[in-house]
Amino acid sequence: MEKTITQRSAWDKVLTKLQKRSLWMLHYCTGCGAVELPPTMTARFDMERFGIMPMVTPRQADILLITGYLSVKTLKRVVLIYEQMQSPKYVVGFGSCTINGGMYWNSYATIKSLDQYIPVEFYLAGCMPRPEAIIEGFTELIDRIGEGKANSWEDYYKNYEFYRKNQEHVFGTIDTRTDIPDDAKYFKIGEVEK
Amino acid sequence: MVSPILFIVVPLAAAFLTVLVNRNAGARILALLTGFALSALAWFWFRADLSTPVSVVIAGIAPPMGIQLSMDRLSAALALLISVSGFLVILYSQSYLKSEEAQSKHYAVLLLLMAASFGILLTRDLFNLFVFYEILCISSYILVASEETKASFEASLKYLLLGSVGSLFMLVAIGLAYRVSGSLAMSDIAQALGEADLSYVMLTAALFVLGMGIEAAIFPVNTWLPDAHSTAPSSISAVLSGFVIELALIVLLRISMTVFSSVNLMLPLRYMALAGILIGELAAFGQTELKRTLAYSSMGQVGLMLFALTLGTEAGRQAGMAHLVMHTGAKSILFLIAGYFIVRTGKRDIKSYSGLGRRMPLTGVFFVIGALSLVGVPPLFGFFTKFKILSAAAVSGATGAWLGIAVILLGTVLEASYLFRVVRTLYSDPETGNTRAVKGRMEMDVPALIAVFGFTLLVIFGSFLLPLIPSGLAL
Amino acid sequence: MNSVIGLVVWIVFYPLIAFTVGVFLGGYGRKFTARVQRRVGPSWIQPFFDVIKLMRKRTNISHGYMHDISLMMLVSGTMLSLYFIPVPGFHYFSQFGDFVVIIYLLLIPSLGMALGVGETANPNGSIGISRALQMLFGYEVPFVLTFIGMAMLNGTTSMYELVQIQQSGGIATWGIVTHPLLGIAALFALQGMMNEKPFEVIIAPHEIATGPMTEMGGKYMGMMFIQHLINLFVELTIYANLFLGGAKNWFELLFKLFVLFTLILSVNSVFGRFRTDDAMRFMWKIPLPLAAIGVVGIMLGIG
Amino acid sequence: MNTFLLLIFPLAGFLIAALFSAFSKKGLVVGKTFAFLGFSAIVLVAIMAKSEIGSIIYGPMMFGWQLQFGLTAISWYFALMISGISWLTVVFSLGALREGGTYPMYYAWLFAKNLGMLGVILSQDILAFFIMWEFMSWTTYFLLQQGTKKARSTAMGYLIYAIIASMILFAGIIFLHQASGSFGFSEIASTVAGFDMRTLILAAVLLLAPMLIESAAYPLHRWMAPAYSSAETGITAFLSAISTRIGLYGVAIFLFTVLGFTAMKKLSAGHYFNLQVVIMTIGAFTMVVPTFTALFQHDAKKLMAWHSVGQGGYMLVGLATATSLGVAGGLFHIFTYLTYVTLILFCIAAVEYRTGTTNLNSLGGLIKKQPIAYVGLLFGIIGLAGIPPMNGFVSKWLIYRSLILGGHPFLALAAFIGTLGTILSVYKLIHNIFLGQLPERYNDVKEVGFFMQLPIWILMLVVLGTGVFPGLILGWVAKIQVSLGVEPLAVTLSGVQASAGQLNMNVVSSVFGATMLVAFIIFLIGGRRRIVGQYNNYAAGHFLDKTVKYNFNYNFYSAYEHIFGKRFLNPPVKRGEEGLVALVERASDFARRIYTGGLNTYLAYSLGAVILMVVILKGAI
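Chains as they are written, first to last, in my numbering: chain A, 7 to 200; chain B, 4 to 478; chain C, 5 to 307; chain D, 1248 to 1868.
Source of the hints: derived by calculation from the structure; they are not laboratory data.
Note that the Cβ used here is the ideal one computed from N, Cα and C, for glycine as well.
Fair warning: there could be bad hints in the mix.
What the hints assert, rightly or not - Chain A stretches covered by chain C per the calculated footprint, using a threshold of three residues with CB under 8 Å from any CB of chain C: (1) 19–25; (2) 65–77; (3) 138–152; (4) 181–195.
To be verified - Partial chain C-side listing against chain A, Cβ under 10 Å, derived: (5) LEU29; (6) ILE49; (7) GLN50; (8) PHE53; (9) ASP54; (10) ILE56; (11) LYS61; (12) THR218; (13) GLY221; (14) PRO293.
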């Protein structure tokens, strides 16, 4: 990781500085977390100050915000949507349900820790996290992008077998029409280390 | 110099002979030979120089007592038309008539009819004309009934009654004429009526014209025609619409222009003609039976000829004559083919002929050509005649000429639409049930094909005859 | 020789200028809307950030070559129409093609996008396109009628000459003054032409997932942004040239664009969204009759 | 000599092919080879005939008048288009026709149709014109019959209209001949110049009405779309490309040559209502109404057929303006439309050849399978919509200019509305056939063979080439204008050098190319892109496969159908047509009822007739 940061060219640094000012968010609201987003977007907290806007299709989104628990069924969708997003992409786990199952910790139907299935950039702890927390998290994310540290998405390409195994363990094989390892080769992702 | 009387003698003699022979084969051959002989005769007369009409007097008694026959160019031309189409129809009947029928009778009456028509054409004696006219009518009643179905009997009966009404009118008219002239020769009567009181002449003329008009199928008195022409055997329908009506028409015109020259018959006749065109074509448009359609269309066509002939100009008469010849050809084609459609499918309504055009290709082509010529499509004969009629009407300046042109064009639209509805049916995919009518060969038999082909030649190359067609309606 | 160099410089930098102006206008638009909603709103050059981000995406998916070409048609069509629009100091190309040409050039982007979106094989996209084309019919008709009126009045279809004629007499000869009806009608049409509320049913995010852009991600979305920003400049400039007397210098032009855009934004930010058929009905009930009356007036004035 | 051969070759071809078909039902290869050779010969002759422009050859004597045939500038223009399109159609049919049809007759009627059309455009007097006209109408009828089972009834509909047209023309010719005593164009023109207003209008109507029927001008257009769309697809292309345009040739000839300018000046007197305005209004309706009827069609061929009705309006309006720009636009639009409509219909035929359907609701996604047909269709629709740099743009530009500067704002608006409707419906066409999701059943569809591709390539080249260098065609159009007596257009190779606002397609298209390059560079600046399958698609988290119908093509313009649906699917013209037919049927029923079959009525008729006749005779005195 450190190596990649030092390798960044000045031009790249400049562009990243500009690029980090624009983040589009696809929020996947299963649980009660959705209720925290309206105040975050509207006049009180105004997410758009940081150039963060809600988007409706995964093709355009940079952030996948997952608010609340994921049942086995919904996890399939999440994986599909995540794979349809364009890299670089950042998953934000919102609320304790995504961290450890939260109040559904002993449910047979929900998954406990999201980062077993898709790489998570960071979690927003709490039940619920308040808009201040969300804003805080996003500013943190923006900074990390600026420094080039926010590379969790590359992990999905590098350690695909790990995530795939966990996914299949939950819901068997699914066809998302995307061949991740082949994509990694095609787009030359994660070859810096090799 | 062969005497024109042969035209009457030969078919008469042949008719009696056929009755005597009374065997199908013999009758057939005899009729065929007669037809051929007549055609040859007519050809001779047609070629002969008739700048001055040749007239013969029968049994040496001079007119006014005796019977005078006169042959001018018009008569020669019509004689040729009659004999040739008669010959072709006889040829057609060779295969068309069912073998078990008593064909000798049929041919005898047919020959009789031809003799009568020649007589009407040639005679210059009013009463004699009436006699021949009677013979003509009676023989056609018989022929119409000769299929001996209920419908044909009914049609024949209607024809008979109306025909006799017509002859009654004629008889009265002749009587009236005789009263003033004291002679039966047309020339004398013409002269006498010239001096007579006008309204007297009018009554005479009206009676005569409408009496003859019944046979000539002029509009209000052509009521017998649809039934008769559609129920008669197709060869007979071809004859009736082919030349009998036209013959009556010409004679009617000749007499009304020569004998009744003192009154202007042309105007009312022209309007009758227009009404005839409109009503005839409209009625034909609504028909579902092929032969009935053709019969109604004949009424329209007669109106067309009458319109041209009554324009009162040389060009008009010429155009009318030309159209007459064309109509003989085209209508004979259609009727003869319709006969075979009936023979092959056993049905009369158009919709049961679907797909026949594919199964009888040559016949289909002939039918289309006939229909096209009737509609008047270049380069067929019909186009030339129609064009001549219209241009004659345009330049004639007669009252109602432009109205006539409009009516004729409208009639043409209707005619095309109903004739090509038939053509469409002929070439549509056969529905189940119609094809099983006759297994195997559907094409017409060879004699019929030859006959139809003859008429087709006339329709295609008729335009070259145009200069030969005379137009003089003199005595 | 000098003029040639100047020409080349213009040809190279004109699109960049238009893009920059577009960026600021776009940023201003978002800022304006935010302010109306009592928010702080993004940076003034937020669209610029978006473009950079989108163009720097590592993975992009395409649905086929038409998908790629369509984006090029989109950008190039807009640049093409840009070149034919006269602005202060640069009207070289406007002599080779008149307003009719410009109208048709403006159709190239629509068609290009339509084809590409079609190939993305996403029904949301197709629905969006179907709406877009129907809306196109809605607003183009009154807009073209207003132009026809102006062209008849001034006896030319060349936009440059229109501008010259309007500048001859100061404000008194501006289209909006001489023919207010046409001006107002065109203003309505412009609102639809720029897909601002209440005429933005095409990209109804919560209904058909931004319609045409559904499958557009990464650099595809980036090129659509670039086209959108240039297009802001193009459409506003067309209106300014037609009815606001063009401009003598760039400050005047930018000022006019600014005012015009503010007007449109203020309508945009207080309205809801019309359904497609309602939008078309509106376009045919209000602007079209206005324009028609104006044109009839011109005809009577002439004849 | 070549002019003569131009009539002889099609005639010979017709007779030979007809005889051939009479004797052998099969023999596809022979028929194809013969047709190919024959039409190639016709094309060559047509090209070589250029040297004979202005010479007259005399036909047979008829009604004391010698028929005259010969080439003029405009007729050579049409001769080239006719023979060229026929040749392309035949080349296309080499691949497109499969075993099992009645090919020899198909080709025979194609030859005959050519004879008819060439005869019409070559004829130099109205008698020859009329004869050839009739011949053409009838051959069209028989050609149409070569199509599907439905084709026979629709062809009947065509026949009725055609007969009415030729009957009106018949009346007109009789009338003019009676008035001038001659069939020659010039004599008639000199006579017509002397007519008073009402006679002039009568003559104009009698001459122009049939031409408007043949060119399917609103409201006499209803025969066309059904008849053409139910013919065999190659024939549909051929017919909608050139056949109806013969009517426009007639309009041009009758307006400029037979009636002449003096007459037209007279007819155009009166500021607001005159014949010119009437014709232009007809043209405007023709532009708008059929185009929007096309919008609601669900069959590709029907849609295009309706368009070939609509585009006729542009040509009609252009010709009717009688200005330099307008006439040039009209004449050029005939050419451009011919090129891209043939292209479009060939591509549709290519799709039909593989998938067996032209139903827009059941196709989709074929771009992956038939890219060449797709590109062809794309060129075609860009031309049809009149978007640069295709040639359709130039002709439409000319027409717009003439209308705007000629002071017809609402006609110009109608033209533009027509164009917008065209764009909408052609996008529906290309989207529903080639774009969207590919149904599983078309997975093994392939591109068509060489003979079907060749015409598509050629036409693509022409559509683009004459768009970038419109001068190639416009130069000749200017010559035609001279021969017609219109002030010619100032043409350069690259476009038009008009007084107010010029057009230079070279600049437009080269700038277009340059900007395309820039856009391509921008495209390259972005990161790599990967082409994915159609099932890798956003469906709100749903997993797509062939069991999921994920496509949008049925009822494509729902808002329009919501607003206009009823009006365009049951228009007043249709109701009027049906009413007319009903009227004729009632009249025929009435006529039939006159013949009751009852003897008593018949006797009454006879007696009544006698009385009536006496009365008339009395009255006549």
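Against the structure, the hints:
Only residues whose beta carbon comes within less than 8 Å of a beta carbon in chain C count, and the stretch 19–25 of chain A has 3; three or more means the coverage holds. Three residues within the 8 Å Cβ limit are the bar, and the stretch 65–77 of chain A against chain C gives 3, so the coverage statement holds. Coverage of the stretch 138–152 of chain A by chain C is violated. Counting CB-CB distances below 8 Å, 0 residues qualify, and the rule asks for three or more. As drawn, the stretch 181–195 of chain A meets chain C at 3 residues by the rule of a beta-carbon pair under 8 Å; at three or more, the given contact holds.
For LEU29(C), the suggested interface contact is broken, since its CB lies about 17 Å from the closest CB of chain A, more than 10 Å. Residue-level restraint check for ILE49(C) holds (minimum Cβ-Cβ distance to chain A is 9 Å; threshold 10 Å). Contact between GLN50(C) and chain A, as hinted, is supported at the beta carbon level, the nearest pair being about 6 Å apart and thus within 10 Å. A cut of 10 Å between beta carbons decides the hint on PHE53(C): the least distance to chain A is about 4 Å, and the hint holds.
Evaluation of the ASP54(C) hint against chain A yields a held restraint, the C-beta minimum of about 5 Å falling below 10 Å. A least Cβ separation of about 5 Å between ILE56(C) and chain A falls short of the 10 Å threshold, and the interface hint therefore holds. The beta carbon of LYS61(C) comes within 5 Å of a beta carbon in chain A, closer than 10 Å, and the hint placing it at the interface holds. Because the closest C-beta pair between THR218(C) and chain A is about 5 Å apart, less than 10 Å, the hint holds.
A least Cβ separation of about 3 Å between GLY221(C) and chain A falls short of the 10 Å threshold, and the interface hint therefore holds. For the restraint placing PRO293(C) at the interface with chain A, the shortest Cβ-Cβ distance is roughly 37 Å, beyond the 10 Å limit, so the hint is violated.
This entry does not satisfy hints 3, 5 and 14, going by the numbered hints stated previously.
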